[in-house]
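*Asks:* Taking the hints into account, I'd like the entire structure generated from these sequences.
Residue numbers (my numbering), protein chains in the order written: chain S, 179 to 348; chain R, 633 to 911.
Treat the hints as calculated values from the structure; they're not laboratory data. Be a bit skeptical, because a hint or two may be false.
[Said to hold, decoys possible] Cβ-Cβ distance ranges computed for the label pairs, FRET-style: (1) Leu902(R) / Asn237(S): 22 to 28 Å; (2) Lys724(R) / Pro231(S): 26 to 32 Å; (3) Gly882(R) / Thr185(S): 55 to 61 Å.
Since the model is a prediction, treat every value here as computed from it, not as a measurement. Note that CB positions come from ideal geometry on N, CA and C, so glycine has one too.
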Amino acid sequence: MLPDVGTVRDWLSQVPDPEIPVISLTDLGIIRDVEWQGDTLVVTVTPTYSGCPATSVINLDIEAALRARGIGKLRLERRLSPPWTTDWITPEGREKLRAYGIAPPVDGTAADGRLAGRVARLAGTSNPVIPCPRCGSTRTEKVSQFGSTPCKASYRCADCLEPFDYFKCI
Amino acid sequence: MPSLTDVMTADADLTRAPGIRTIAALGAAPENAFAEWLCRMGDNCLILGHRISEWCGHAPVLEEDIALANTALDLIGQTRLWLDLAGEVEGKGRSADTLAYLRDAAQFRNVLLVERPNGDFGHTLMRQFLFDAWHIEMLRALQSSADPRVAGIAAKAAKEVAYHLERSADLVIRLGDGTEESRARMQTALDRLWPYTGELFMGDAVDQAMAEAGIAPDPASLRAAWDSTVAEVMATATLVRPGGTFQHRGGKQGRHTEALGYILADMQFLQRAYPGAVW
Ligand SMILES: [Zn+2]
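*Replies:* Below you can see the structure in the form of structure tokens.
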């Protein structure tokens, strides 16, 4: 008997993200669809960043996990739109990130490429506040708009003095 | 690797390239204008992505090194999306890899701006800003493309490019409105790159065919928004917009500067020396 899609989603919730293994693929919100087409299981995945090197590893991991559960006929599909957003990271996923030392994304702060407000912001103090994932302090500052992977920016905390990654909002 | 002769005789090569005509000689749109246009989008991302990846291990500070490498990674990811679609639309079985590694200079369709050498860090950031300010407007317009595949890629890429633009604008402002030395370097970069910006807004028969099909905007229609972004950032950066009106052109039609030959020699070496190598 073929397992129902709820069971398959459950299995996928145990597949870790290859770059940030504390969160799963379902926490990340990149599994867009799971369905049976006849006796073929179709899993639809959306990429996080278009150049993210983890994308092909993620597909391999999905296939390996489902084969290990006895899924014989499997097809992976890529869906580009709507584009992935950090808004899809689950509340549980955000807590796991924080506990791991990565500040989760602050929703609604994605770059929109409109510079009118940006130029004013550079001179002012209205940048979003990113609380330190270690001590909770809001006295933090951005070190770089990019970090160790495409999805992160680098910050440091002025209270506990620790550097940390921020999962940037996209 | 393309020889210098290939580059010097780009026009002659154009007529030999499959599916590609010398556009000026055609009243109507060239055959397969859609694939041609997709190569322009993909090649801009590919060549600029390759250019800024040259900074890897060489940037002035670690954070900037990482930032440039990540921007390059985004652009190479976008290249794959555009060139895969170009290969699909062209219908001759060419993949993004084939298009990237096995075409010669005269078959590349990127604007001349993105193949300009990196120069110093400020020059690289100025080139990035001038391109990003155009790229974001192009991707915004493409999100309402009549072709859903184009709209999908544009929506994905626009999120990444919005971030690139914020970063390059921030740094142009910081360096322009910085020390005497940094300001002088940024003004020199702007003066040198300015004659390469006009090509972004020059349309030809391919662009006209895309606009008529509702697939892409008329390039000239992006000019006003670009002008206003550039004016605002330059004013804050205390830099002066150059007055000259001369503008280079030809990259979109395959007539490149010698700089592209060196990029391809580097980028394509492995596939040329060991055809079909995989690992
Ligand atoms: Zn702290």
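*Asks:* Indicate, hint by hint, whether the structure satisfies it.
*Replies:* Do the hints match the structure? See the list:
1. Leu902(R) / Asn237(S): 22 to 28 Å: Hint holds: Cβ distance 25 Å, inside 22 to 28 Å.
2. Lys724(R) / Pro231(S): 26 to 32 Å: Taking Cβ atoms as reference, Lys724(R) and Pro231(S) lie about 28 Å apart, which means the hint holds.
3. Gly882(R) / Thr185(S): 55 to 61 Å: holds, 59 Å
Every hint, counting from the list given before, is met by this structure.
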